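Student: Residues per chain are reported as follows:
4 protein chains.
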Amino acid sequence: MTTDSLKELDKRHKQFVDDRNWQQHQSPKNLTMALTVEVGELVEHFMWLSREESWKIEEKKKDAVAEELADCLIYLTRISGELGIDLVAAAHEKCERNERKYPVEEFQEGYRRPHEYKDKDKY
Amino acid sequence: MTTDSLKELDKRHKQFVDDRNWQQHQSPKNLTMALTVEVGELVEHFMWLSREESWKIEEKKKDAVAEELADCLIYLTRISGELGIDLVAAAHEKCERNERKYPVEEFQEGYRRPHEYKDKDKY
Amino acid sequence: MTTDSLKELDKRHKQFVDDRNWQQHQSPKNLTMALTVEVGELVEHFMWLSREESWKIEEKKKDAVAEELADCLIYLTRISGELGIDLVAAAHEKCERNERKYPVEEFQEGYRRPHEYKDKDKY
Amino acid sequence: MTTDSLKELDKRHKQFVDDRNWQQHQSPKNLTMALTVEVGELVEHFMWLSREESWKIEEKKKDAVAEELADCLIYLTRISGELGIDLVAAAHEKCERNERKYPVEEFQEGYRRPHEYKDKDKY
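Protein chains in written order, with this note's numbering: chain A, 37 to 159; chain B, 37 to 159; chain C, 37 to 159; chain D, 37 to 159.
Just chain A, with the same shape it has in the complex:
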């Protein structure tokens, strides 16, 4: 039975890696490259779609997308595992920083995108 826990997921994948003598190749450096590859495969599903089409992909394609997302998550947890980083805690800390960085009152009218606020003096 599986839960929503990333620690359980990484434990499982780490065992898979150790059982195959791959530990030596799983440096954070190499794992970031593996993540790059999976993100490329994910992007491939969306590159020629319109914004609207990207929400309405058919079931077969959704399964393929889910598999790429899964690969990305596995490598993210592996990198975090190798470096002793608590990934979900880090994500909540980042949410807090974002909530402060983009004050909600700045985005109440119209449609100001993140980069139009953050980079407003840049371009």
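Bear in mind the hints are in silico, worked out from the structure with no lab data behind them. Among the hints, erroneous ones may be present.
Same chains, same names: a pair is fine if it fits in one copy or spans any two.
Said to hold, decoys possible - Mimicking SDA-like on lysine to any residue, the simulated pairs with C-alpha atoms at most 20 Å apart in a straight line are:
#1 Lys98 with Lys130
#2 Lys130 with Gly120
#3 Lys92 with Glu152
#4 Lys47 with Ala125
#5 Lys98 with Ala125
Since we're looking at a predicted model, the values are computed, not measured.
Let chain A serve as the given structure and place chains B, C and D on it in line with the hints.
Tutor: Showing chains B, C and D alone in chain A's frame:
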């Protein structure tokens, strides 16, 4: 109080997005691009390091890496959220497929890397 | 005076690298990571834009985009240089393969995108 | 007969695109995604290799790598073409900026990598 749950994380980030009128920009297509950007920022920390150095990064750099990993996780959960994909379940399914694809007995001697098995007839 | 030649460009960048004792770090492996980083920076300029907006970026942003494209080209030529690959010749060979793979008569009616032809039996 | 010219390459690829009614999909936004995909495919060839191995790939693999590099170059020139950017000129300008940014006298002793100079106050 935070737990290890990705559903809680995505709920939080989705609220952050909705509060700022960004929902319309959060198409799966755009979110895969945002993920690409964050992965690039992650890779930047490791590109000139040796394999060994990539395991031993100093604390300040580790914090910066944790922030990039966090951004990646946030976008991964957002893509999954927009498409109605259970990301952790998908990752466990992928683990199962991997466990079947790379039989443990094929990797007991020497150091055969994934691509040397998978692509053994390719090159 | 500069020409349109990539060989000249790579010679110049190679000299820059050698003058700074960086040659040892310019393995094809590391250079593909550097390319990943630059592509991420390029994508950042376009991720929240609509298709139409992406054609009409203002001059200041275009300069920033040109700089990212330049970085990508520099790393592409460096990887090719390290591996002894003639990049432009390889691109023309790829064009030839593409011209055969996607026969022009298959795309005369309607708007069939590459993946709708290539993957027509996939989804 | 082909030369080392990127303008000629882009003209050829643009013709290929126009002949297949794909022009509408070739927004700079979409093309940056296509570039991401190709870079992922390139990285895949190097992710589990050591630095040294990445210089000594066998001929068959080198052909596959050349094809990925070619795809990257094609999309780089397409993005530049769509935006009216002179890619090689931009690369030479970037070389000039780099030459000023990393003064040669700062790198004469030992092995100081770019990020150790640029980020020296960062970590």
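Student: Which numbered hints does this structure break?
Tutor: none
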